[in-house]
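J.: One letter stands for each residue in the lines below.
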Amino acid sequence: MIEYAVFFFFAAVAVIFALMVVLHRNPVVGALALVASFFALAVMYVLLEAPFLAALQVIVYAGAIMVLFLFVIMLLNLQKQREEPTRPLQQFLGYAGSAAFGIGLVYYLSKYAVMELPAGPFIADARTVGIRLFEAYIFPFEMVSILLLAAIVGALLLSGVRTEERT
Amino acid sequence: MDRTDVALEALKIAIVLGALLNVTPIMVWVERRGSAMIQDRLGPNRVGPFGLFQSLADAAKFFFKEDIVPAGANRWLYTIAPMFGLIPALTTIAVVPWGRPFVLRSGRVFEPIVADVNVGILVIFALASLSVYGIVTAGWSSNNKYSLFGGIRASAQMISYELSLTLAAISALMVAGSLRLTDVVWKQTGYFVLFGTIKLPAWNVLSPAMWLSFIVFTVSAFAETNRLPFDFAEAEAELVAGYHTEYSSMKFALFFMSEYIAMATMSALITTLFLGGWDIPWYNEPPTFVGFLLSAIAFLVKVSFLLFIFVWIRWTIPRLKYDILMRVGWKVFLPLAFVNIVLVAFFIARRWI
Numbered sequence: 001m002i003e004y005a006v007f008f009f010f011a012a013v014a015v016i017f018a019l020m021v022v023l024h025r026n027p028v029v030g031a032l033a034l035v036a037s038f039f040a041l042a043v044m045y046v047l048l049e050a051p052f053l054a055a056l057q058v059i060v061y062a063g064a065i066m067v068l069f070l071f072v073i074m075l076l077n078l079q080k081q082r083e084e085p086t087r088p089l090q091q092f093l094g095y096a097g098s099a100a101f102g103i104g105l106v107y108y109l110s111k112y113a114v115m116e117l118p119a120g121p122f123i124a125d126a127r128t129v130g131i132r133l134f135e136a137y138i139f140p141f142e143m144v145s146i147l148l149l150a151a152i153v154g155a156l157l158l159s160g161v162r163t164e165e166r167t
Numbered sequence: 001m002d003r004t005d006v007a008l009e010a011l012k013i014a015i016v017l018g019a020l021l022n023v024t025p026i027m028v029w030v031e032r033r034g035s036a037m038i039q040d041r042l043g044p045n046r047v048g049p050f051g052l053f054q055s056l057a058d059a060a061k062f063f064f065k066e067d068i069v070p071a072g073a074n075r076w077l078y079t080i081a082p083m084f085g086l087i088p089a090l091t092t093i094a095v096v097p098w099g100r101p102f103v104l105r106s107g108r109v110f111e112p113i114v115a116d117v118n119v120g121i122l123v124i125f126a127l128a129s130l131s132v133y134g135i136v137t138a139g140w141s142s143n144n145k146y147s148l149f150g151g152i153r154a155s156a157q158m159i160s161y162e163l164s165l166t167l168a169a170i171s172a173l174m175v176a177g178s179l180r181l182t183d184v185v186w187k188q189t190g191y192f193v194l195f196g197t198i199k200l201p202a203w204n205v206l207s208p209a210m211w212l213s214f215i216v217f218t219v220s221a222f223a224e225t226n227r228l229p230f231d232f233a234e235a236e237a238e239l240v241a242g243y244h245t246e247y248s249s250m251k252f253a254l255f256f257m258s259e260y261i262a263m264a265t266m267s268a269l270i271t272t273l274f275l276g277g278w279d280i281p282w283y284n285e286p287p288t289f290v291g292f293l294l295s296a297i298a299f300l301v302k303v304s305f306l307l308f309i310f311v312w313i314r315w316t317i318p319r320l321k322y323d324i325l326m327r328v329g330w331k332v333f334l335p336l337a338f339v340n341i342v343l344v345a346f347f348i349a350r351r352w353i
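Taken in sequence, the protein lines are chains S and R. Letter by letter, the first sequence follows residues 1 to 167 of our numbering. Letter by letter, the second sequence follows residues 1 to 353 of our numbering.
No lab work stands behind these hints: they were computed from the structure. Note that this is a predicted model, so its numbers are computed, not measured. Treat the hints loosely; a few may be bogus.
[To be verified] Per the computed footprint, the stretches of chain R lying under chain S, defined by three or more beta-carbons under 8 angstroms from a beta-carbon of chain S, are:
(1) 115-125
(2) 129-135
(3) 156-162
(4) 253-266
[What the hints assert, rightly or not] Okay, the calculated beta carbon distance ranges per label pair:
(5) Tyr191/R x Met1/S: 45 to 51 angstroms
(6) Asp67/R x Leu48/S: 39 to 45 angstroms
(7) Ile16/S x Arg351/R: 51 to 57 angstroms
For each residue, glycine too, the CB sits at the ideal point set by N, CA and C.
Put together the whole structure using the sequences plus the hints.
T.: Written out as structure tokens, the structure is:
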């Protein structure tokens, strides 16, 4: 019973803050709202008996990535901006596309989502996740690392070109 | 989970929270007297014996100060920011074991830890990584350029040093083979035997593969808690008072508290990971109340010693330059932490530790 209460409370928190990310004019408030939403999502993982994933969710997304986002937003010192929509057609297509995606997602989830837990003990501790990652999912894992490496090389190239020009 | 369990759990929470909340006044006194000692001054010595009640007087003063919100500030975030800073600092201690478990008369085992979760260390890092938001939010919502600079510096510094902090902790976890902090402590209760005669306690700091990560972890802990020589978020010589320039009254006091509580938590973490936790060297604590009490005192002594080191270093080493901070973090400590992981892995593979 108490699990339901916790679930619905944090589900509401996650949705409300996610909406705030999209709707709020101020980018700093948006970033902080996204942190709150991530934290509520981590509570969902705890409810699913995956505290390892919950901790990783907070460390990686709320703790590292969003701090970087905030750093960039604050460094650019964005003021409140209110731009008039200049391209009405594109704006309409954007709304229509995201609405279609949302409806499709709800439809798919209500039709195909698994409502019952699979039988047997559910283990998602560090050891199990690590072994699965390095045995069954080694290929996607390596692909992701190559993608990240490419991003790092790209960032180095972008930041390195400017210093060459200066010297 | 019956009524006794709930009562015991409430008792543990009360002990831990009581200890943590009392850290601030005591540490403020230690800091002021310690700095006076180092600088050949007297320090606060008027209120109570040795000036011990000075902190209480200060706390009372904070309550009576006017609580100012700057006109251009973002009122909501400005109010939330101090709480954002304090809550992670207070909750982190929940997964740190602070004494040897003992058997109660009813046969129940009393584990002196609030929450013995199997991802203990990750919970600590998750909460520690959230603590930066208090500083960043405070810096931004004050609508003051010095505050903003403080917040920006804090976010860059914390990201940089969190990496080496985490990587240094990983080596301790590799040795213990578990993310659970009680396992890390139990692993350190044995002995290293040198030349078949000298018995050294099996604390990680004394292990041949681990002292490097102890150094990396301790220095990164100083940077994570924003203490001198790494307190660039405040840097009173450059940024007035950094992120809390605009804060007054109890809002400022909350920042003050979270700084000292974060220091205490970091000391507890260093103790647990590297200094054997509650282990008393060359003594086998019995699983009784006496053993628990002695081990808890040992834990307290180690944490107090580390807290004193925090004060000692603050008044000995001047603040670095910001570019040096960044260079040292990324080009010295991060590679050292990586090298250390490989070293520990090699030791474990050869079954030397």
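J.: All the hints need checking, so say for each whether the structure fits it.
T.: Hint check results:
Coverage of the region 115-125 of chain R by chain S holds in this model, with 6 residues showing a Cβ closer than 8 angstroms to a Cβ of that chain against a need of three. Residue count for the region 129-135 of chain R with a Cβ under 8 angstroms from a Cβ of chain S: 4. That meets the three needed, and the coverage hint holds. Counting residues of the region 156-162 of chain R whose CB lies closer than 8 angstroms to any CB of chain S gives 4, which reaches the minimum of 3, so the coverage claim holds. Under the rule that three or more residues need a Cβ within less than 8 angstroms of chain S, the assignment of the region 253-266 of chain R is violated, with 0 such residues.
For tyrosine 191/R and methionine 1/S, the Cβ-Cβ distance of about 50 angstroms falls inside the hinted range of 45 to 51 angstroms, so the restraint holds. Taken as a hint, the range 39 to 45 angstroms holds for the pair aspartate 67/R and leucine 48/S, whose Cβ atoms sit roughly 42 angstroms apart. Isoleucine 16/S and arginine 351/R have their C-beta atoms about 53 angstroms apart, which keeps the hinted 51 to 57 angstroms range intact.
The structure does not agree with numbered hint 4 stated previously, though it agrees with all others.
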